[in-house]
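Novice: Chain by chain, the residues run as shown.
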Amino acid sequence: MTAVAAHHDHHDDHHHAPHGLKRWLFSTNHKDIGTLYLWFSFAMFMVGGFMALVIRAELMYPGMQVVDPEFFNQMTTVHGLIMVFGAVMPATVGLANWMIPLMIGAPDMALPRMNNWSFWILPFAFTILIGAVLMSAFGDGNPSAPNFGWTFYAPLSTKYGPASTDLFILSVHMMGISSIMGAINVIVTVLNMRAPGMTMMKMPLFVWTWLITAFLLVAVMPVLAGAVTMMLTDRHFGTSFFDAAGGGDPVLFQHIFWFFGHPEVYIMILPSFGIVSAIIPTFARKHLFGYASMVYATASIALLSFVVWAHHMFTVGMPLAGTLFFMYMTMLISVPTGVKVFNWVATMWRGSLTFELPMKWALAFVVLFTCGGLSGLMLALTPVDFQYHDTYFVVAHFHYVLVSGAIFSIFAAAYYWLPKWSGVMPNTFLGELHFWNSLLSVNLLFFPMHFVGLAGMPRRYADYALQFADYNWWISVGAFWFGISQLLFVAVCVLCAMKKGKKAEAAPWEGAEGLEWTVPSPAPFHTFDTPPVIK
Amino acid sequence: MSELNDLEQRNNRVLRKLVIGSVLMFGFAFAMVPLYDVLCDITGLNGKTSDTAASGEVQMDEDRLVTVQFVTTSSGGMVWDFTPQVRSVKVHPGEITQVNFQVKNPADHTIIGQAIPSVSPGLAAPHLLKTQCFCFDNQTLLAGGEADMPMIFYLDPALPKHINTITLSYAMFDVTERVTGNKDKLAAR
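In order, the protein sequences belong to chains G and C.
Residue numbering for the first sequence follows the numbering used here, beginning at 1 and increasing consecutively.
Residue numbering for the second sequence follows the numbering used here, beginning at 1001 and increasing consecutively.
FYI, nobody ran anything at the bench for these hints, they're computed from the structure.
Just so you know, nobody snuck in bad clues.
Restricting the straight-line Cα-Cα distance to at most 20 Å, the calculated cross-link-like pairs of lysine to any residue (SDA-like) are: (1) G:K159 - C:T1073; (2) G:K286 - G:S352; (3) G:K499 - G:W517; (4) G:K159 - C:V1175; (5) G:K159 - C:A1171; (6) C:K1090 - C:V1066; (7) G:K535 - G:A512; (8) C:K1161 - G:A321; (9) G:K159 - C:G1077; (10) C:K1161 - G:P319; (11) G:K159 - C:I1112; (12) G:K159 - C:R1178; (13) G:K159 - C:S1075; (14) G:K159 - C:G1076; (15) C:K1017 - G:I177; (16) G:K159 - C:E1177.
Throw the hints in and build the complete structure from the sequences for me.
Specialist: Quick look at the structure:
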């Protein structure tokens, strides 16, 4: 729609790039918008992380010390929402914005004005959500912020939801619109803007995984919007989608939510697969093993994600045939995921490995994500799940795949592409400190959660039985250690943004392949105005 | 130039398809509501029983005895005392049985209640058929009022062989506000 118009506008910018506030506010440049997304997601990561530390401070010792249980519930809720919708998703959208046009030889995203719009909705969405928390924190918990868990099950969020639930609904609607627009932009860009000769099966895997992620987003974010719309009408307009008294069914909410929620899990992890598939071949100095099988594996994970949602709700009471179906489908996902892990390992096999920072993060991703995947396989078993459901074992599982999975891969991506974004190499000393501290603390933080979970400690409670006290002390130590370690990454990013550091060449990583390394570092404001030649 | 226009057109085509796709998926979320009800009706998922009266014309199977238990709760702030007259009965499939449920409204104002049934195990739900039930309609009790509410049911002889015990649970909801549209009465409670 606006590709042509934007193109014309930009003709002037070749000579003087926009600057000041206007550069960012009205930007239609994929690199600037990517940068905005990345900084925004990093800010949200710190806010959500602070909330996690409030949770861990409370759980460090048994009994109540830091916050009251009502505020604790708001923290677990908003921590989850911010990390999912504010940190991980915008970070991967930021990476997509920066890298996809560079990787496929396109001058920009296909719909640059929509791109601007999809970013600038986000700060408003999160102001609304965080505003609810601030009102609660500084208003002695009245009105309460959303306190029903990030999964906002009815009737907790409908009949019993606090007044701020309506702020939450508006905020989720805005995040959804932003994600859908971002996803549409990625799909149109990848389908239409590839340089001549860049066939689908020549695209870097990051582009492939993001294309599939974008289709997932277009398919399920509207379902989430539908779910919160039903909540809204149940709360205020007398419908009873989820209210048993009026003939509705609260279990229906869980089905709709998880129909969105399970593909959402892959929306957060598929771009990570793409990142790792870019980094490991670079530092193994070999081509990615089994490129085509990686593409098909990603697509089959995406397809399977639509038929496994009820494994989140085994304990809700389902016919045996239903639980068996969802159990086997869930276990089936480990096949394409296994294909991916084996391909990464095979890529490294007999490669000339070096362990620069991006590679360290990518390797940590492979190992720790696989740990999280294995505990996921345990949770997939229906009879076992009845014991593990809603315990800290589940918390350990999804933090392994999301923190040491998705977020580690985003760190890997940042260290890998920061030279291209900023023109300087990230500070190695700080980066090494950041990596080793994060690696050790993340395991201290999340590994003991498996044990307390298996022993029966439930999630989302502000207190626990005394026998869990020692483990929880260590978990909290790990949490504060991990949280403080992330300040090192702030320093790395700020140094790069200030251009302090060793100057980066166009291709700073020796084994790296791909179009993004053919443009200078930092990447100029406009790249590939004339399409590159693909051999 | 024409090349650019061509690209713009192609972009718009994909954009249009994707926008339509996401609007359809928004609609699909709402389509899941009737779909879910149909699935529940067919499979007895979630123990939903039919909310219309059955005919009651079936052959009794005297060789088989099934225990039917009754559980009652008052949900979501409902103040009624709500109890079954008997906790359980043993019936032959096809045998028509009446069970009464007693309700008492201890509040000082009229309350309208709606009972919502649920059957466990869920697979038995489509085989528990009611010819008459207080749960088919909402019930009104004046302040301090009491009532005996009848429920007449029989089991479909096609009930799977491995099911020997069925639990029928009723949750009683206060629907006064929903029915009258009057919030003040709720506040006065």
